[in-house]
Structures are given as C-alpha cells and as structure tokens.
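In the order they appear, the protein sequences are chains S and B. Everything in the first sequence is counted per our numbering, starting at 1 for the first residue and increasing by one. Everything in the second sequence is counted per our numbering, starting at 1 for the first residue and increasing by one.
Keep in mind the hints are simulated off the structure, nothing from the lab. Treat the hints with care, since some could be wrong.
[Stated by the list, open to error] To be clear about the criterion: a stretch of chain S counts as covered by chain B if any three or more of its residues have a C-beta under 8 Å from a C-beta of chain B, and this derived list gives those stretches: (1) 392 to 401; (2) 429 to 435.
[Unchecked claim] List of simulated lysine-lysine pairs, PhoX-like, C-alpha gap at most 25 Å: (3) S/K385 with S/K114; (4) S/K36 with S/K13; (5) S/K282 with S/K44; (6) S/K143 with S/K114; (7) B/K259 with B/K54; (8) B/K120 with S/K315; (9) S/K135 with S/K114; (10) B/K80 with S/K315; (11) S/K291 with B/K80; (12) S/K291 with B/K120; (13) S/K292 with S/K238; (14) B/K54 with S/K315; (15) B/K259 with S/K292; (16) B/K54 with B/K80; (17) S/K282 with S/K292; (18) B/K80 with B/K144; (19) S/K291 with B/K259; (20) S/K315 with S/K346; (21) S/K143 with S/K169; (22) S/K50 with S/K114; (23) B/K259 with B/K120; (24) S/K282 with S/K240; (25) S/K215 with S/K346; (26) S/K292 with B/K50; (27) S/K291 with S/K315; (28) B/K50 with B/K27; (29) S/K292 with B/K80; (30) B/K120 with S/K369; (31) S/K36 with S/K288.
In this text, a Cβ means the ideal position worked out from N, Cα and C, and glycines have one as well.
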Amino acid sequence: MSVARRFAYTFMKEVGAPVAMRAGRAGKKKKARPLKPHFGPPLKCTSRLKEIMTRHYFLSRYAEGAKPVAWVTSGAPVEMLRPFDFYTVYPENHGALCGAQRMGPELCSVAEEKGYHQDLCSYARIDLGYFLSGKTPVGRLPKPDLLFASNNICQTVVYWYRVLAHHFKIPLILFDTPYNFQEINDRDVAYMVQQLEEMIPTLEAASGRPFEEHKFKDVIRMGKEAAHTWGQVLATMKAKPAPMTIFDAFVHMAPIVSLRGLPVALRYYQTLLSELEERVSKGIGAIKNEKKRLMWDNIAIWYKVRDFSNLFAEKGMNFVTATYTNAWSETIPHMHANQPLESMAKAYSLVILNNNLNHRLRLMEDLIKAYDVDGLVIHSAKSCKPYSVGQYDLKRLLLDRLSVPSVIVEADITDFRTFSEEQTRTRLEAFFEAMEG
Amino acid sequence: MKAEGYFAGVDVGSLSTETVIIDSTGKIVGYSIIPTEANSTQAGLESLEKALLKTGLGRDRIRRLIATGYGRVSIPFADKSVTEISCHAAGAQHLFPDAQTVIDIGGQDSKVIRVGEGGKVLDFTMNDKCAAGTGRFLEVMAAKLGVSLNELGPLAEQAREEAVISSVCTVFAESEVISLVAHNRPKEEVIRGLHRAITNRVYSMVTSVGVHGSVTMSGGVAKNQGVVKLMQEKLGKSIYVYTEPQIVGALGAALLARKSE
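With the sequences and hints as input, model every part of the structure.
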C-alpha cells in the first residue's frame with residue numbers, strides 16, 4: 001500500500017466525499033419530485049441511504065493501493081475481513097445496481113461474447129462483463145487484492161470467483177458450508193471453524209496487518225446489532241398499514257449486504273428504524289390504501305422494482321415481507337462475540353439458500369402468519385437456481401395449508417431479455433382478479 | 001332473477017377470436033369463431049357482429065360486454081377486460097359444475113387452472129416463453145406434414161406405432177418431423193408422436209397445479225381427440241370436453257358480464 005495513495009484516500013474520505021455529497025444534495029434540492037397518488041409520504045431516510053451508497057462507490061475508486069481491497073460474495077462471513085480493514089466490494093450489489101439501471105443485457109452480452117453461457121447467473125455475467133469491458137454506472141470498481149466467496153448461496157460463486165482469481169492472479173478464499181439437509185452437526189461446525197482459523201494467516205498476508213481479536217469481537221458485536229436492527233426495520237411492516245413496502249426494503253437493504261460489520265450500517269438502520277416507528281405510531285402507510293398484504297419470494301427483479309411498486313400500489317396491494325430481505329437477519333441470533341467462529345459457522349451455514357425446503361416452507365408459513373399475508377408473488381429467477389428450485393411445490397403446499405393464493409413470475413434478476421411484459425401482465429392481472437374476487 | 005337482456009363475451013386470442021352471447025339465464029343464444037389476423041380490434045368487432053347476426057339481435061340489446069384473451073385491451077367497446085384465466089374458470093364451471101381442474105390449450109398459450117367454488121380461481125399455471133405445449137406447435141407440424149388441423153386426430157387413430165419426438169421446442173421438433181418424414185416414417189405415427197409430445201408437456205403443468213375433482217379441457221386443441229385421449233390415459237380419468245371447446249373463454253367472459261352487472 002503506497003503512502004501517497006493512502007493519503008489521497010484519507011483526503012477523499014474526510015474532505016472530498018463530504019464536499020461531493022453536499023454538492024449532490026444541493027443539486028438535487030432544486031428538483032421537485034412528482035407526487036405519487038397511491039403512495040404515502042416518502043421515507044426521509046432515502047436521501048441518507050443514497051448518500052451512503054454513493055459515498056461507498058465514490059471512495060472505492062481511491063481505495064485501490066491505499067487499503068487492501070476484497071471482492072466478496074453476499075453470503076460470505078465478511079466479519080473476518082473487517083479487523084484487517086479491507087475495503088469490500090460486492091459484485092452482487094454492483095450487479096443489482098446495473099440491473100436497476102437497465103444495464104444488465106449490455107454487460108451480460110460482453111461476457112456472452114467471450115463464451116460465457118446465457119444460462120449462467122446474470123450477476124456473474126455482469127461482473128465478468130464489467131471486468132472485460134470496464135463499463136459500469138459507478139465509474140470504476142477498485143481492483144481487488146483478495147477474493148472472498150462462500151458457497152452458502154450457490155455453487156456458481158465458486159467457479160465465478162475462480163475465474164476472477166485466475167484473471168487477477170490473486171488469492172481466493174473459499175468458505176465451504178455443508179448444506180443443511182436436516183441439521184448441522186458438531187463435525188460440520190468444526191469443519192467450518194477450521195476453515196475460518198486457516199483464513200487468518202492469508203488475510204494477514206494480503207492486508208499486511210496482524211489479526212487483533214478485540215477488533216474482531218467488536219465487529220461481530222456491531223454486525224450482530226446491525227442485522228438485528230435490520231430485522232426490527234422489517235418487523236415494522238407487521239403494522240397495518242405497513243410503514244414501508246418491500247420495494248423500499250430492496251433498496252434499503254444495501255448497507256446490510258455490503259457494509260455489514262461497519263458502524264455506518266448500524267447507525268443507518270437505527271435512524272431508519274426510528275423513522276419507521278414514528279410512521280407506525282402516526283398510522284402513516286407506505287401506500288395510501290392498503291387493502292391486501294403480500295409476500296415476495298426470491299431476489300428482486302431489479303429493472304422492474306419501480307414498475308411493480310406502482311402497479312401493486314394502484315391495486316391497494318402492499319408487499320410487507322420477503323424471504324429475500326429477511327435473509328440478512330434470519331440467522332443472526334446464532335452470532336455471539338464470545339464464541340465468534342462457532343457462532344459464525346452456524347449463522348452463515350443456516351441461511352435460507354443453504355437450508356432444506358422444509359425449512360423454507362416453515363419459514364414462509366411463519367412469515368405469512370406473522371405479517372398477516374393475503375397472497376404471495378413468487379419470482380422464478382432464471383439466474384438463481386438454488387432460490388427457484390422447489391417453488392412450484394412450495395406454492396401448492398402453501399395454498400393447501402394456509403389457503404394463500406400465489407402467482408409465479410418467470411423472469412430474471414437483471415437480464416430483462418428473459419422478461420415478457422405481456423405474459424407477466426396476464427399472470428399478475430389474473431392474480432389480482434383472484435385476490436379481489 | 002336478473003332483468004331481461006343479453007350479455008356478451010369477446011375472447012381475442014392469438015390465432016382466433018370468439019364471441020359468445022348469452023341471455024339473462026346464462027343460456028348461449030349465439031356465438032362466432034373467426035381468425036384474429038393482424039388487427040385485434042377489427043377481429044373483436046367482426047366476431048361480435050357475426051354472433052349478433054346469428055341471434056338477430058342489435059348491438060343495443062347487449063347490456064354488458066367483457067373482453068378477454070391476449071387482445072382484451074384492444075377492445076374499446078368492452079365495458080371491462082378480464083384475463084382469460086378467470087374467464088376459462090367461469091366458463092368451465094358453468095358447463096361442468098363438478099370440474100375443478102381446467103386444461104386450456106390455446107393458440108399460443110396453454111394453462112391449467114384449479115377452480116374453486118363459484119368459479120373462483122384458486123391456482124393456475126401457464127406455459128413459459130415458448131410455443132411448446134400450445135396449439136401453435138400442432139399447427140406448425142400439421143403444415144409441415146401437409147394435413148389440416150382437423151385431420152390430426154383421426155390420422156393418429158390409424159397409427160400402428162408411435163414415432164418418438166424428443167424435443168419440446170417447436171423449432172427443433174419441426175426438424176425432427178422433417179427427419180422422420182425423410183426416413184419414410186408414416187405420417188400417422190409422426191402425428192401420434194406429436195400428440196404425445198404436447199400431452200407430456202401440458203401434463204407437467206397439470207402436475208404442478210395438481211388434479212382436483214373432475215377435469216375439463218378447452219381451447220382449440222381440445223377438438224383433437226388424439227390429444228384428449230392421451231391426456232385421459234395419462235391422468236387415468238375421463239375428461240369433459242364441451243362440444244365447442246374454443247368458446248369456453250368467451251362464454252366465461254359473458255357469464256362474468258352477467259354476474260358483474
């Protein structure tokens with residue numbers, strides 16, 4: 001790490017970023033937002049969130065050479081990296097951002113032209129497309145010194161990150177989590193703990209910093225508290241009317257995904273929680289006329305978040321819970337600072353995508369009951385096989401057991417070439433008719 | 001008892017457009033089936049005019065009209081548009097009150113609907129983004145084999161054996177058909193194989209919704225006895241087919257028009 005780069009990074013963090021953010025705020029104030037007739041007042045926190053995420057990507061340009069940089073999968077135990085002061089970049093979060101800006105097909109095509117198949121996850125194709133072309137809406141991502149992946153979300157990340165390791169010629173740390181068929185046993189935990197222990201020397205070498213246990217325990221405490229607060233944020237949607245929609249949560253989840261274990265994430269969710277609690281106490285709903293409450297399954301359809309948000313709000317239907325947003329708080333009770341490695345092994349291996357279908361069925365039943373859900377929209381995502389497998393069975397079982405109707409939308413997280421507007425509209429309209437009838 | 005008057009349903013599908021006119025008791029007094037061609041609005045209008053002509057009624061006698069089908073939004077003279085899923089459920093339930101499973105194979109989509117009390121849609125599934133398992137699949141193959149759609153069923157009856165069509169993709173299956181014909185496979189056997197392919201494809205949709213109560217089939221493909229027979233074998237139960245299975249969606253639309261008035 002060069003001294004000059006470190007100085008430039010510190011300068012941009014302390015002076016450059018705040019100035020740029022202030023300039024951004026001043027510029028935005030001039031624009032009056034059009035009123036949305038079906039929605040309640042917008043969340044005040046949204047501007048703060050945008051600032052945090054813009055700052056994160058803005059500073060990342062200066063991180064290269066100033067701090068150790070790691071590219072990390074969404075399910076990896078990032079708490080391991082924090083004590084070494086890694087600047088972490090989440091290609092999946094970047095992929096979602098590209099998806100929301102409708103850049104998915106463009107970046108995917110770059111990867112496809114190099115031989116990566118259309119059936120490969122579009123987050124992976126976007127990331128490889130970015131790597132191959134340098135195109136991104138965020139300016140530039142810092143070159144990594146280390147790659148950190150866990151197969152608790154899918155097996156694709158293993159091969160995707162190997163490709164990155166090959167190109168960048170840098171170390172890849174893979175955290176292998178045994179799949180939870182029934183329950184994880186002591187041997188599984190011991191196997192994972194050993195991996196976490198073995199990572200430490202590699203992380204020390206890549207960062208040039210020694211491992212400090214007290215720092216690590218602080219990170220675990222803070223990460224746990226942030227995830228817990230995120231869980232409380234989601235739980236405010238149990239209120240009727242719900243103070244936010246799951247489409248808001250899809251956006252507001254960015255810090256818990258990519259800034260987990262950092263103080264900024266915790267502070268942000270504390271602020272958001274108090275705003276939501278205030279809305280609940282005043283009876284302010286995210287949408288004006290909440291007639292039906294829905295649950296979302298699977299990753300968001302990033303290029304459709306706004307359209308769907310408007311479409312459902314018009315019908316007086318509000319998404320109040322999702323298995324997806326819930327995933328970042330679900331296993332957090334397992335975390336304990338006094339047994340950091342064991343507890344992390346459990347918290348990270350019991351996540352929804354590394355867990356069996358019975359677990360998913362129970363989880364969905366619990367969410368439906370807790371949030372008083374009337375219907376379910378299931379996104380069958382072409383990219384995400386582990387999330388999409390079993391959805392037809394879950395759909396049928398939930399209808400039989402809880403009489404909750406549902407609709408399946410066949411789409412993709414970012415690659416809208418797989419999205420059929422007309423077919424989706426018919427399916428959703430039929431769902432609306434069934435819900436209203 | 002509802003007041004006197006008539007109700008209409010117009011189902012603008014990808015290949016054909018149907019209109020059904022019912023009286024206030026729900027009895028069908030007239031219907032029409034025409035090809036949709038390039039203009040959905042025009043097809044809807046012509047189909048309505050044709051059905052009215054058969055009944056001898058004027059447009060002013062129609063108290064309420066519901067449009068359905070993929071062109072439902074392009075019918076400016078409709079009082080309301082409702083999806084074909086709700087309409088097929090309503091139509092099927094009216095014709096066969098004990099039917100709880102509706103299999104509709106239309107021109108460009110196929111669907112399986114689980115119907116509850118009062119024609120309410122409990123669950124449904126539709127084919128994904130390709131023509132496998134739709135009427136279009138059979139139409140392409142019939143053209144390739146030089147036979148009309150109506151001949152497919154009777155010809156399949158005459159087959160001694162059955163050709164294997166392994167692809168569900170319409171384009172690839174067409175290549176298979178060309179290859180089978182080139183190898184002098186009798187077309188009866190090829191047709192039987194095609195019926196098997198479409199049946200298997202739709203059957204997988206049936207299993208995803210589950211079979212509940214009696215089963216009914218609608219849509220143009222339900223006219224094909226060969227497909228109905230194979231589906232019955234596969235389900236292990238008989239299937240109700242209305243004498244004019246193509247108009248079930250339009251009938252449902254007319255019934256919903258009567259109900260919603």
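- Item | B/K120 paired with S/K315 [C-alpha distance capped at 25 Å] | At roughly 19 Å apart (the allowed maximum being 25 Å), S/K315 and B/K120 satisfy the hint.
- Query: Quick one, are B/K54 and B/K80 close enough, alpha carbons at most 25 Å?
  - Reply: holds, 24 Å
- Is S/K282 close enough to S/K292, meaning Cα to Cα at most 25 Å? Judged against 25 Å, a Cα distance of about 20 Å means the pair holds.
- Hinted pair B/K80 and B/K144, Cα distance within 25 Å: It is violated: about 39 Å lies between the C-alpha atoms, which goes past 25 Å.
- Would the pair S/K292 and S/K238 pass a check requiring their Cα atoms to be no farther apart than 25 Å? Cα-Cα ~13 Å, so holds.
- Item | Restraint check for S/K135 with S/K114, where alpha carbons must lie at most 25 Å apart | Distance ~15 Å between S/K135 and S/K114 Cα, so the pair holds.
- Given the proposed pairing of S/K50 with S/K114, does the C-alpha separation stay at or below 25 Å? violated, 34 Å
- Message: Given the hinted pair B/K120 and S/K369, is their Cα-Cα distance within 25 Å?
- Response: Roughly 23 Å separates the two Cα atoms, so the pair holds.
- Query: Under the criterion that the straight-line Cα-Cα distance not exceed 25 Å, is the pair S/K291, B/K80 satisfied?
  - Reply: Status holds; Cα separation ~22 Å.
- Please work out if B/K259 and B/K120 have their alpha carbons no farther apart than 25 Å. holds, 13 Å
- Measure nothing beyond the straight line between the CA atoms of B/K50 and B/K27; if it is 25 Å or shorter, mark the hint as holding. holds, 18 Å
- Within 8 Å of chain B (C-beta), three or more residues of the stretch 392 to 401 of chain S: holds (count 4)
Checked against the numbered hints given earlier, the structure breaks hints 4, 14, 18, 20, 22 and 26 and satisfies all the rest.
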